[in-house]
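S.K.: These are the residues of each chain, in order.
Protein chains: 2
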Amino acid sequence: MSVEMATGTTQATAKERLLAAANELFYREGVHTVGIDRVIERAGVAKATLYSTFGSKDELIAAYLETRHNAMRERLRRAVDRRRSPRARLLAAFDVQADLAADESYRGCAFANATAESHGSSADAAVASYRAWVRGTFAELAADAGARDPAALARQLHLLWDGASSSARMDHDPASARAAKAAASVLLDAALPAQPK
Amino acid sequence: MSVEMATGTTQATAKERLLAAANELFYREGVHTVGIDRVIERAGVAKATLYSTFGSKDELIAAYLETRHNAMRERLRRAVDRRRSPRARLLAAFDVQADLAADESYRGCAFANATAESHGSSADAAVASYRAWVRGTFAELAADAGARDPAALARQLHLLWDGASSSARMDHDPASARAAKAAASVLLDAALPAQPK
DNA sequence: TTGCAAACAGACAGGTCTGTCTGCTACGCT
DNA sequence: AGCGTAGCAGACAGACCTGTCTGTTTGCAA
Numbered sequence: 010m011s012v013e014m015a016t017g018t019t020q021a022t023a024k025e026r027l028l029a030a031a032n033e034l035f036y037r038e039g040v041h042t043v044g045i046d047r048v049i050e051r052a053g054v055a056k057a058t059l060y061s062t063f064g065s066k067d068e069l070i071a072a073y074l075e076t077r078h079n080a081m082r083e084r085l086r087r088a089v090d091r092r093r094s095p096r097a098r099l100l101a102a103f104d105v106q107a108d109l110a111a112d113e114s115y116r117g118c119a120f121a122n123a124t125a126e127s128h129g130s131s132a133d134a135a136v137a138s139y140r141a142w143v144r145g146t147f148a149e150l151a152a153d154a155g156a157r158d159p160a161a162l163a164r165q166l167h168l169l170w171d172g173a174s175s176s177a178r179m180d181h182d183p184a185s186a187r188a189a190k191a192a193a194s195v196l197l198d199a200a201l202p203a204q205p206k
Numbered sequence: 010m011s012v013e014m015a016t017g018t019t020q021a022t023a024k025e026r027l028l029a030a031a032n033e034l035f036y037r038e039g040v041h042t043v044g045i046d047r048v049i050e051r052a053g054v055a056k057a058t059l060y061s062t063f064g065s066k067d068e069l070i071a072a073y074l075e076t077r078h079n080a081m082r083e084r085l086r087r088a089v090d091r092r093r094s095p096r097a098r099l100l101a102a103f104d105v106q107a108d109l110a111a112d113e114s115y116r117g118c119a120f121a122n123a124t125a126e127s128h129g130s131s132a133d134a135a136v137a138s139y140r141a142w143v144r145g146t147f148a149e150l151a152a153d154a155g156a157r158d159p160a161a162l163a164r165q166l167h168l169l170w171d172g173a174s175s176s177a178r179m180d181h182d183p184a185s186a187r188a189a190k191a192a193a194s195v196l197l198d199a200a201l202p203a204q205p206k
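From first to last, the protein sequence lines stand for chains X and Y.
Quick note: the first sequence uses my numbering, first residue 10, plus one each step.
Quick note: the second sequence uses my numbering, first residue 10, plus one each step.
One or more of the hints may lead you astray.
It does not matter which identical chain is meant; a pair holds if it fits inside one copy or across any two.
Said to hold, decoys possible - Straight-line C-alpha distance at most 25 angstroms; calculated SDA-like pairs for lysine to any residue: (1) Lys66 - Glu149; (2) Lys190 - Pro202; (3) Lys190 - Arg144; (4) Lys66 - Ala152; (5) Lys24 - Asp158; (6) Lys190 - Ala141; (7) Lys190 - Asp180; (8) Lys66 - Ala107; (9) Lys66 - Asp180; (10) Lys56 - Asp112; (11) Lys56 - Asp90; (12) Lys24 - Arg96; (13) Lys66 - Ala88; (14) Lys190 - Gly155.
Simulated from the structure, these hints should not be mistaken for laboratory data.
Being a predicted model, the structure only gives us computed values, none of them experimental.
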């Protein structure tokens with residue numbers, strides 16, 4: 010059974026349709042605000058099917074976050090691969106964010122929103138895993154770029170990453186991501202050994 | 010009728026007790042998760058009193074956010090006043106955040122959490138007002154410090170401010186605020202005219 | 001003392017939420 | 001052909017939520 014998202018075919022399984030519906034509704038309106046009935050109606054799936062597939066709403070939320078994690082990993086990986094210089098690869102994440110924030114349907118970080126809504130659910134593991142991946146990715150790229158303290162630089166870039174999504178959501182201003190890239194660039198100037206830009 | 014928070018006296022009015030209860034419960038568990046019944050039970054107030062005082066839960070939430078706005082304004086004002094150099098005054102906000110995040114009851118930015126939970130409520134005005142105040146305060150302090158582009162610097166510091174609260178909440182790590190201050194310091198080095206530290 | 005306003009206690013209505021359960025349908029495999 | 005599994009449709013239970021309404025109590029002031 011494939012867990013991949015529906016790729017436009019009408020032959021998507023119930024699980025795929027549920028995840029697609031959850032992705033749209035949960036992200037747009039919040040995991041707490043959207044009820045099960047809305048999800049199954051949009052997915053065209055019976056309620057019993059949802060519960061036999063996922064067990065509970067909580068686990069559907071966790072699965073929704075996992076699909077977003079995978080999508081973001083894929084997206085960032087492609088953006089990084091497209092760039093050659095270590096410095097540009099470090100900044101690629103902010104270009105991705107700028108792309109996402111440019112869309113008017115952007116609602117910030119799905120993980121930040123989910124944890125703000127639900128307290129101590131099974132989504133916590135998905136959130137921790139996602140954040141560890143973001144941090145680790147920044148740290149790897151920082152090490153590749155020859156940063157003196159890759160962990161410290163990764164932490165600072167992660168702060169800007171979080172701030173950009175939060176700020177873009179609350180201010181409805183896609184320019185936040187560009188400002189974050191500019192700030193990140195300044196941090197790189199200070200943290201990387203001198204080299205031609 | 011005073012809108013100030015209860016100052017330890019047992020003679021607090023119903024409105025004050027409601028705001029104190031809302032402040033504790035809404036911040037700790039979320040404005041959507043906590044029901045009216047919990048608030049009035051904790052405040053020791055009748056339900057009818059809440060509705061005659063605030064009109065609706067939505068307006069109680071807005072009032073709760075306003076009290077937090079006032080508390081933060083007071084707190085930041087004191088921290089800024091305690092410092093002399095323009096540079097230290099610009100960084101004072103991050104010291105305040107570090108103080109707050111050190112407490113284990115810290116749950117991040119109340120405004121970010123509230124907007125993640127409730128969609129298009131009357132809280133939006135309170136959030137917009139708060140964010141404009143934060144941005145404006147950074148911009149003033151940046152101008153006082155002689156920044157070449159105070160608005161741009163304020164935007165970058167605001168990003169770090171948002172990132173620190175979001176990150177500290179999700180990672181349960183108070184060190185985020187210290188890292189934010191370190192990053193802010195680097196940004197100041199680049200944005201302020203050279204001067205002795 | 002009488003009157004009034006504020007606040008308390010709690011029942012109630014109407015709606016929504018998650019999760020379970022009972023039938024029914026339809027397709028694939030043997 | 002027949003069987004089994006996956007899935008659809010929808011009723012239902014039990015809990016919780018907001019907001020209203022009816023009384024009762026308390027304290028102050030004239």
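S.K.: Indicate, hint by hint, whether the structure satisfies it.
M.R.: These are the hints, each one checked on the structure:
Taking the shortest alpha-carbon separations for Lys66 and Glu149, neither the intra-copy value of 35 angstroms nor the inter-copy value of 47 angstroms comes in at or below 25 angstroms. In the homo-oligomer, the alpha carbons of Lys190 and Pro202 lie at most 25 angstroms apart both inside one protomer (19 angstroms) and across protomers (22 angstroms), since each shortest distance falls under that limit. When the C-alpha separation of Lys190 and Arg144 is checked against a cutoff of 25 angstroms, the pair qualifies both within a copy, at 16 angstroms, and between copies, at 18 angstroms. Proximity of Lys66 and Ala152 under a CA criterion of 25 angstroms is satisfied in neither setting, with 40 angstroms inside one chain copy and 50 angstroms between copies.
For a Cα distance limit of 25 angstroms, the shortest separation of Lys24 from Asp158 qualifies neither inside one copy, at 43 angstroms, nor across copies, at 51 angstroms. Proximity of Lys190 and Ala141 under a CA criterion of 25 angstroms is satisfied in both settings, with 21 angstroms inside one chain copy and 22 angstroms between copies. Both within a single protomer and between protomers do Lys190 and Asp180 lie at most 25 angstroms apart by alpha-carbon distance, with minima of 17 angstroms and 23 angstroms respectively. In the homo-oligomer, the alpha carbons of Lys66 and Ala107 never lie at most 25 angstroms apart, since the shortest distance is 31 angstroms inside one protomer and 36 angstroms across protomers.
Taking the shortest alpha-carbon separations for Lys66 and Asp180, only the inter-copy value of 24 angstroms comes in at or below 25 angstroms, while the best intra-copy value is 30 angstroms. Taking identical chains as interchangeable, the C-alpha atoms of Lys56 and Asp112 are never at most 25 angstroms apart, the minima being 32 angstroms within one chain and 43 angstroms between chains. For a Cα distance limit of 25 angstroms, the shortest separation of Lys56 from Asp90 qualifies neither inside one copy, at 42 angstroms, nor across copies, at 59 angstroms. Neither within a single protomer nor between protomers do Lys24 and Arg96 lie at most 25 angstroms apart by alpha-carbon distance, with minima of 40 angstroms and 55 angstroms respectively.
In this assembly of identical chains, Lys66 and Ala88 lie within 25 angstroms of each other by CA distance neither inside one copy nor across copies; the values are 33 angstroms within and 44 angstroms between. Proximity of Lys190 and Gly155 under a CA criterion of 25 angstroms is satisfied in both settings, with 19 angstroms inside one chain copy and 23 angstroms between copies.
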